[in-house]
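All chains, please: the whole structure from these sequences, using the hints.
Quick note on full-length UniProt numbering: the sequence shown kicks off at 1 and runs consecutively.
Since the hints were made in silico from the structure, they are not lab data. There could be a bad hint or two in this list.
Think about it this way: if two alpha-carbon atoms lie no more than 25 angstroms apart in a straight line, the pair counts; the simulated DSS-like pairs of lysine-lysine are [unchecked claim]:
1) Lys62 to Lys84
2) Lys112 to Lys75
3) Lys129 to Lys85
Simulated restraints, written as ranges between beta carbons of each label pair [stated by the list, open to error]:
4) Gly119 to Asp215: 41 to 51 angstroms
5) Arg32 to Glu148: 42 to 52 angstroms
6) Ala117 to Thr38: 21 to 31 angstroms
C-beta: ideal position from N, C-alpha, C; glycine also.
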Amino acid sequence: MASNDGYQALATAMLEAGSLVIPDLLVKFYARLGLTETEMMVLIHLLHWRQVEQERFPTPEKISQYMSLDSEEVKNLIASIIEKKLLAVEPYYHPSLGRWQNTFSFTPLWTKLIQLALGDYHTVTEVKKETAATAARQGELYRTFEKEFGRPLSPLESEQLKAWCQDDQVPVELLQEALRRAVLRGIVNFRYIDSILRDWQRHNIRTVAEAMAYDEKVKTKKTRSTRPASSSTRKDKYRDLYRLNPEG
1 MASNDGYQAL
11 ATAMLEAGSL
21 VIPDLLVKFY
31 ARLGLTETEM
41 MVLIHLLHWR
51 QVEQERFPTP
61 EKISQYMSLD
71 SEEVKNLIAS
81 IIEKKLLAVE
91 PYYHPSLGRW
101 QNTFSFTPLW
111 TKLIQLALGD
121 YHTVTEVKKE
131 TAATAARQGE
141 LYRTFEKEFG
151 RPLSPLESEQ
161 LKAWCQDDQV
171 PVELLQEALR
181 RAVLRGIVNF
191 RYIDSILRDW
201 QRHNIRTVAE
211 AMAYDEKVKT
221 KKTRSTRPAS
231 SSTRKDKYRD
241 LYRLNPEG
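Printed below as a string of structure tokens:
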């Protein structure tokens, strides 16, 4: 039993002797950075040499000792990571040795990771803001419908309004305009509002301005179709009559 305890203590000491820290962002985003699985593994080994072995510029030969790759393959992979601008070789002054040496700089990698993380954060934030704003507009729309109907909406009416907003993705402003027209005509029911929306959908109308322009177009067309024949048209007919009866 004592022997087992000794082995356990030794194993624990060995595991705790050197710990490697791999940033969570690197694990999440390495594929989006264009890194292959093998390149990612090389980066992990470079981090190991920096953090555990305290060596800032390990040779491909040293790295390959702990990989299933030869030194030439490791060298090519490091070159590929540098070409992707995710790793750099910079001069470093070694204080204990008193001279300048090369070092692998991870600054380009950290910079890209932070940019990706911030980009995702801003995207999520904007989506949340837009979702909240949409929910607020839809809530106001429900209240407007209930006010104009003079009563709470029934479950079926609520589902219909939700379907217009979410399934059909009808803009809130267009729904408000359809409701306004129904109220002006004194036909305040969902069937009539739906007929207005379907007509707009057939004509690919997505904004209130487009609906107004469509109304003007229809009005102009009706006016032209009901306008009486002009005097010039009548004169042209008389001229044709004279041509048919030259002796008149």
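*That 21 to 31 angstroms hint for Ala117 and Thr38 (C-beta), does it hold up?*
holds, 24 angstroms
*Kindly confirm whether 42 to 52 angstroms is satisfied by the beta carbon distance between Arg32 and Glu148.*
holds, 49 angstroms
*asked:* Check whether the Cα positions of Lys112 and Lys75 lie no farther apart than 25 angstroms.
replied: At roughly 22 angstroms apart (the allowed maximum being 25 angstroms), Lys75 and Lys112 satisfy the hint.
_Run the distance test for Lys62 versus Lys84: straight-line Cα separation, threshold 25 angstroms._
Holds, because 23 angstroms separates the two Cα atoms, which is no more than 25 angstroms.
*Hey, Lys129 versus Lys85, does the alpha-carbon distance stay inside 25 angstroms?*
Since the Cα atoms of Lys129 and Lys85 sit roughly 34 angstroms apart, the hinted pair is violated (cutoff 25 angstroms).
_Looking only at beta-carbon atoms, does the pair Gly119, Asp215 fall within the given range of 41 to 51 angstroms?_
holds, 43 angstroms
Violated hint for the displayed structure: number 3, the only one.
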